[in-house]
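*Asks:* What follows is each chain in one-letter form.
2 protein chains.
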Amino acid sequence: MDDAAGLAIAFKEAKKSYEQGGIPGETATLLNAGRLPASTYANSTMYTTLSPCDMCTGAILLYKIRRVVIGENSTFKAAGEDYLRQRGVEVVVMDDQECRTLMERFVRESPGVWWEDIGVVGEEKREEGR
Amino acid sequence: MDDAAGLAIAFKEAKKSYEQGGIPGETATLLNAGRLPASTYANSTMYTTLSPCDMCTGAILLYKIRRVVIGENSTFKAAGEDYLRQRGVEVVVMDDQECRTLMERFVRESPGVWWEDIGVVGEEKREEGR
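The listed protein sequences derive, respectively, from chains R and L.
Position 94 of the first sequence, counting from 1, maps to 94 under full-length UniProt numbering, and the rest follow consecutively.
Position 17 of the second sequence, counting from 1, maps to 17 under full-length UniProt numbering, and the rest follow consecutively.
These are computed hints drawn from the structure, not numbers from a lab.
The beta carbon of each residue, even a glycine, is placed where N, CA and C say it ideally should be.
Take these hints with a grain of salt, some might be off.
[As the list claims (entries may be wrong)] Computed footprint of chain L on chain R, listed as stretches where at least three residues anywhere in the stretch have a Cβ under 8 Å from a Cβ of chain L: (1) 52–61; (2) 78–87.
[To be verified] Computed list of chain L residues with no C-beta within reach of chain R, every gap over 10 Å: (3) Asp2; (4) Lys12; (5) Glu19; (6) Ala28; (7) Gln97; (8) Pro111.
Let's have the full structure, built from the sequences with the hints guiding it.
*Replies:* Printed below as a string of structure tokens:
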């Protein structure tokens, strides 16, 4: 599978989740993948529409996934991307307009869910988003 | 609550889980804590019997927990501890003998579960542990 095809699947999942009012992340993908042998993860590429948060970064490292393809990192970028590279993971950013548009819409329409998802401290942001 | 009392609670949970054949981690604690305001996590200390794996390290960062007290780090130590410090989290290692004894016993008796939990690559280790 090439990266464009992989990212298209990730985008489809993100869009489905958006339509249901949620936001799917990398941990959901790992959960859905079930309990696989360690070598399967190690030989996988993770496709994700947005830049991984700190927890997903940790999950990627725990599973020893060696390659991560990111749709876009302009809506959100945590320290995870750099840390993944530092730990030897290949990180590819596709700069995909479709992913960006979806994420921008999601953040605009559901700021409360978004802020909680990325662990923003401060009640005021949460309240504002409700 | 002082650190010894906090760690005693973590140890009790780890022992209960050991008796049930499992191994509880930091993510289980966060799950059991439910959905709390972001400021509650930020003002919390995480007590854990062993050194956090990469995924738990990521969870701690996502929740913006500022202080982590670790029972012992001689049985297991991932890169997480250093990364937490690098990101400004206060990390205290208690060097607790009771925690070490429990973990050593768990690793000896259930190597398969242990290796899978820390994401060890290589089927041979998994097979060996079964």
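*Asks:* So, for every hint listed, does it hold in this structure?
*Replies:* Going down the list of hints, with the structure as the test:
1. 52–61: Since 8 is at least three, the answer is holds.
2. 78–87: holds (count 4)
3. Asp2: holds, 25 Å
4. Lys12: Since the minimum Cβ distance to chain R is about 25 Å, Lys12 (chain L) lies beyond 10 Å and the statement holds.
5. Glu19: holds, 23 Å
6. Ala28: holds, 14 Å
7. Gln97: Label holds. Min Cβ-Cβ 27 Å, cutoff 10 Å.
8. Pro111: Since the minimum Cβ distance to chain R is about 14 Å, Pro111 (chain L) lies beyond 10 Å and the statement holds.
Going through the hint list in order, the structure satisfies each hint without exception.
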